[in-house]
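Make the full structure from the sequences, and use the hints.
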Amino acid sequence: MPRHSRFRSFEIMQIQPSDLGLIARVATLGKHYGEGAGAVTALDDVSLGLRRGEFTAIMGPSGSGKSTLMHIMAGLDTPSSGRVWLGDTDITELSDSALTVLRRRRVGFIFQSFNLVPTLDVRGNVMLPFELDGRRPSREEQAWIDELLETLGLGARLGHRPHELSGGQQQRVAIARALATRPDLVFADEPTGNLDSRTGREVLGLLAAASARYGQSIAMVTHDPIAASHADRILFLADGRIVRDSARSTPEDISTFMLAMEVAA
Amino acid sequence: MSTRLKDQWTTLLVAALAGTFGVALLHITGLLGAAIAADDVTGGSATVALMLGVVAMVFIVIAIYVSAVVTANTVSTVVAGRTRLIALLRLIGSSARTQRAQIAREGLLVGVAGAAIGVVLGTGVAFALDEIAVANELMPATDYGYLNVWVVLPAVAVVVTTWLASWVGSRRVLRVRPIQAIGNSNEQDREELGRSRGRNASAIVLSVLGLAMLVAGVVWGPTNPVWMIVAVLGGVVSFTGIVLAAHVVMPPALRLVGRLFGGSPSARLAAENAVRHPERSSRMTIGLVIGVTLVTTFAVAMESYRAMLVAAQQVRPEVYAGIDEMLNATVAVFTVLIGFSALIAAIGMVNTLSLSVMQRTRELGLLRALGFDRRQLRRMIVVESAALTLAATAMGIVLGFGYGWAGAQALLGGAQGQIAFVLPGIPWALFGGLLVAAGVLTLVASIAPARRAMRVSPVVALAVE
Ligand SMILES: Nc1ncnc2c1ncn2[C@@H]1O[C@H](COP(=O)(O)OP(=O)(O)O)[C@@H](O)[C@H]1O
Ligand SMILES: [Mg+2]
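In the order they appear, the protein sequences are chains A and B. Take the first sequence: its letters are residues 1 to 265, numbered as in our numbering. Take the second sequence: its letters are residues 266 to 730, numbered as in our numbering.
Worth flagging that the hints you see were computed from the coordinates, not collected in a lab. Note that the Cβ used here is the ideal one computed from N, Cα and C, for glycine as well. Honestly, I wouldn't trust all of these hints.
[Stated by the list, open to error] Covered stretches of chain B (chain A as the covering partner; in silico rule of three or more C-beta atoms under 8 Å from a C-beta of chain A): (1) 323-333; (2) 421-429; (3) 718-724.
[What the hints assert, rightly or not] Derived DEER-like restraints, expressed as beta-carbon distance ranges: (4) P61(A) - T505(B): 57 to 63 Å; (5) R520(B) - V40(A): 46 to 52 Å; (6) R83(A) - P517(B): 35 to 41 Å; (7) R83(A) - S529(B): 33 to 39 Å; (8) P517(B) - S255(A): 55 to 61 Å; (9) R83(A) - W274(B): 53 to 59 Å; (10) S197(A) - L439(B): 31 to 37 Å.
Now the structure itself:
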């Protein structure tokens, strides 16, 4: 947005998320499933902002609403109430096709498993977001992609299909794809859930590095304290509410808090 | 593992159609036989009735053969989609053999149901046709008894082939390893890697042997009709070889056809999907290849015959007067009879494509999450369907052209007294019809899967199983 309007928006109390250094924001978010006696409240009046360039972990026990929150923030699901912004775009009521384009250009995904299109080789998977957009990467983008593939140790695997790769290698390809378009925000849902602990640590190190070195904003859902300890900031969810918002913590601190939460429940 | 009833609808439909076709054809043959016997001129001509019976049998066997291929492929596809469930059951102690026996048992039940439907419907169809023909004075009323014992034959054949086809189609249950229940991510991709050497070897042997017999039949057929039988057998043997080798033969054809659709992401993925699992795509297309090959073989042979007759007619018009109408009627009847098998094959393709899309829900969700919009997804499915249909049709036309010409040469090469080269007749109308049918089939086959694909939510890609 143009500079001068910044003050005007202050005047009329419409502060844009980016003015606060936020890359994504949700306000008074609610998500309910079902009706009557069987109704489930997955998210209950959640308001939060993710800061640009930060690696944020979203933690909480199973069923606390982590995945629901992430789906809504990524434009994959719609809230029952409240509003959602990605950057300065209010995505709450965007059409399906607008959301599709948004996912293509401004969001990256890393899932727990089944991340890659089985028919495409490594190169095809990493290039897919550009292809979907109907364009070739610019020279600068290509250099970035090459650097990514090199850093992630995929240089020699470009022609391999997903089923020829180990779980850790598949996650690396997913990371390369998620970072390739330099999206506003990368969402990762339990990215290490299917990996052994050593490979998992490697993947987490790569995510943390992407954030620290390149300023990539990342939101990662996890229930693993060690995974969360790689993050700059940790949000705790319980029963669809944010119950704690802490800075970088040690795995021990995180475990202690999680245990306390379970005892309280 | 018990396959759900939903998965058995196609098998039931195919069994019922084949049964109906067989029973109706036998009744009609019986009716014609009774009419011929009652006729003063041809009266008592047992040969004509016998010929009719033989021709009917040939078409019934073809229809049942095609339906068996379709059923085996349907069962195979269903089992492929259940790998994980089967693996889980194996993990907790169920034996592969028990699971396979269960599938075959269901095949037997479905076969019995299909045969019963076939007997009832087939008799009804024959009865209705007879009534119409008699009412329009196309045929004399006869005292044909519908309690024809011969209809037991197609009924039993349907039961047995459906049973056997389920057994053969469920072969892959044995290949599922319990570990696949806990394996992660792309295990589906490994589903078809195991490939039997025995199958490839027999495919090569059958193709080569069949081709040799076919060539011998073509070369010596014109001198002695016995070689004609060799040629027919050669055709059957070599075609069986090709069917067995479909997983090798079809992918190049699919790749070639896939190029026609350009390089957009949806087209590229569609083309890749079509060739990704050679076995899966050959499963989907081989029935159609068989159907189109049969139709084309008959049409090319008939067309060559017609071309020869037309040439003869120009020399001695008086002898060949009225031959055109007779030929046209014969071509029409044969096309309908053989077209029925092609229809069964088409049903098989519609179903397997639909199943295979259903089995890829997760992948479709992933594409949606990564930024494929609904239209791109639909285009992908339509292109995949078009690639499969076109490749199968083209393959069938090429094969049918070869077989049809070989048959014409073997049968007609010596018809003029000395051995002559029979120019292959080109049934343009049929080719046009086939292309239109392929277009229609593409659309029909992709409607349901495309609609389902468009409804897939990107969230399913994130779901942890
Ligand atoms: N599609 C749905 N229908 C009904 N309830 C749902 C659905 N998705 C999630 N839920 C419920 O919402 C709550 C939060 O789910 P989820 O966000 O998946 O939790 P988490 O990822 O933290 O384990 C759970 O109680 C879950 O059962
Ligand atoms: Mg979850």
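Results for each hint:
1. 323-333: Coverage by chain A is violated here, the residue count being 0 at a Cβ distance below 8 Å.
2. 421-429: violated (count 0)
3. 718-724: holds (count 3)
4. P61(A) - T505(B): 57 to 63 Å: For T505(B) against P61(A), whose Cβ atoms are near 60 Å apart, the range 57 to 63 Å holds.
5. R520(B) - V40(A): 46 to 52 Å: Given a distance of about 48 Å, which is inside 46 to 52 Å, the answer is holds.
6. R83(A) - P517(B): 35 to 41 Å: With Cβ atoms ~54 Å apart, the hint is violated.
7. R83(A) - S529(B): 33 to 39 Å: holds (35 Å)
8. P517(B) - S255(A): 55 to 61 Å: holds (57 Å)
9. R83(A) - W274(B): 53 to 59 Å: violated (46 Å)
10. S197(A) - L439(B): 31 to 37 Å: Holds - the Cβ-Cβ distance for S197(A) and L439(B), about 35 Å, lies within 31 to 37 Å.
In summary, the numbered hints that this structure violates are 1, 2, 6 and 9.
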